[in-house]
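Engineer: Sequence:
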Amino acid sequence: ILDDAGLESAKVYRMAAEDIGCSLAEAAQDKKYYDYLAEADGVENAVHVIYINTALDTKANANAAVPTITCTSSNVVQTVLTAAAQIPGVNVFYGPDTYMGGNLAELFTMMSTWSDEDVAAVHPAHTQKTIKELLPRLRYFQDGTCMVHHMFGGDVCENVKKYYGDAYQTAHFEVPGEMFKLAMEAKRERDMGVVGSTKNILDYVCDKIDEAVERNLPAGERLSFVLGTETGMVTSIVRAAQAKLRAAKESGAGGVEAEIVFPVSADAVTSVGEADSAALGGLTIVPGPAGGEGCSAEGGCASCPYMKMNSLDALMSVCRKVGTEAGAAFLAPYEPRKYESAAEGPSVAALGCVPILHMRDFQRDGKFSDAFVEDITTRGGKK
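The sequence shown maps to residues 48 to 430 in this note's numbering.
Treat the hints as calculated values from the structure; they're not laboratory data.
Hints are supplied without guarantee of correctness; some may be wrong.
Once the Cα atoms are required to be at most 25 angstroms apart in a straight line, the calculated DSS-like pairs of lysine-lysine come out as [as the list claims (entries may be wrong)]:
(1) Lys234 - Lys255
(2) Lys246 - Lys228
(3) Lys414 - Lys179
Computed beta-carbon distance windows for the label pairs [to be verified]:
(4) Glu205 - Glu164: 31 to 39 angstroms
(5) Ser121 - Ile67: 19 to 27 angstroms
(6) Gly301 - Asp250: 17 to 25 angstroms
(7) Lys368 - Ile48: 17 to 25 angstroms
(8) Asp51 - Asp257: 39 to 47 angstroms
Every residue gets a Cβ at the ideal spot worked out from N, C-alpha and C, and that includes glycine.
Start from the sequences, fold in the hints, and give me the full structure.
Structural biologist: Following this line, the structure appears as structure tokens:
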């Protein structure tokens, strides 16, 4: 993209020499995904909604097959509902995240039973009837999962229901359906749940703490939040909660407490026998990540090993080498892979940015651009 903008001299480095991958992005580069998109060939009013965490060439190839717009976990619901509102009879193909697609279908199925007033609170152009009409025209890829969010399975949810059934439940759109349903049920039945992006979850926790501080009950109040998202979110949420609680205490409302609960798979728990309990001054020694336990790719904690490669230490290590005599040779493996330039016509960067620009237009204007709507409504009919 920088090269396309005439900034070839700008140096770009990754923060690790090793491949920094993503199971979701790789799923969208598989033949199965292109076979899935081929199903849209000739379908009238077809639009492909693709998760932003995919490669640029994937976006370019997808848009060549089907009119495509990118989405995030924050705007995916509004993106799909806006497509249905602007384009009568739209056929939505979502991918590659199977869990997010399934959760969208689950959400819309629940909305199809809501009152028109409740549906309009989500999107003002929709009613119970229009949501029911959309459901048969929503398709999602069946073979793309995030290896991290996959860890929020049935056993985790059963433990959450058993021990934290009265807590606030939060779930990222990428978690498996069981965790998503828990949060949706808590939202609908107890008004104590939220589903959405990591920012949606962070804002929700902060808002609930603010409300408790405002109540300032004489007996105090303890809030419990179950986080259904990647472990990297725990630190930011805890710090935000601590900051709010410190500020409340300083203002005289010190009776509020917040418990942040991060559920993990049973695979992340190691049983330790009594004979091992006095190994080091009475401290128990348990296997670490290298032993296939805890927050590792092999363990059962929802921690992304690829995201953890993008650390502050890694960033500072790269920065220290930039501009040094040995830096150029050392940083060569850190340079990102570049797409091959086409002999004629637009570059991969230009083509891959089209779905992103469609999303930018939608975010800015609250609707799809006229050009994008025309592409959706005319391309299928030309096949």
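Engineer: Against this structure, judge whether each hint is valid.
Structural biologist: So, going through the hints one by one against the coordinates:
no.	hint	result
1	Lys234 - Lys255	holds (13 angstroms)
2	Lys246 - Lys228	holds (19 angstroms)
3	Lys414 - Lys179	holds (21 angstroms)
4	Glu205 - Glu164: 31 to 39 angstroms	holds (34 angstroms)
5	Ser121 - Ile67: 19 to 27 angstroms	holds (23 angstroms)
6	Gly301 - Asp250: 17 to 25 angstroms	holds (23 angstroms)
7	Lys368 - Ile48: 17 to 25 angstroms	holds (24 angstroms)
8	Asp51 - Asp257: 39 to 47 angstroms	holds (44 angstroms)
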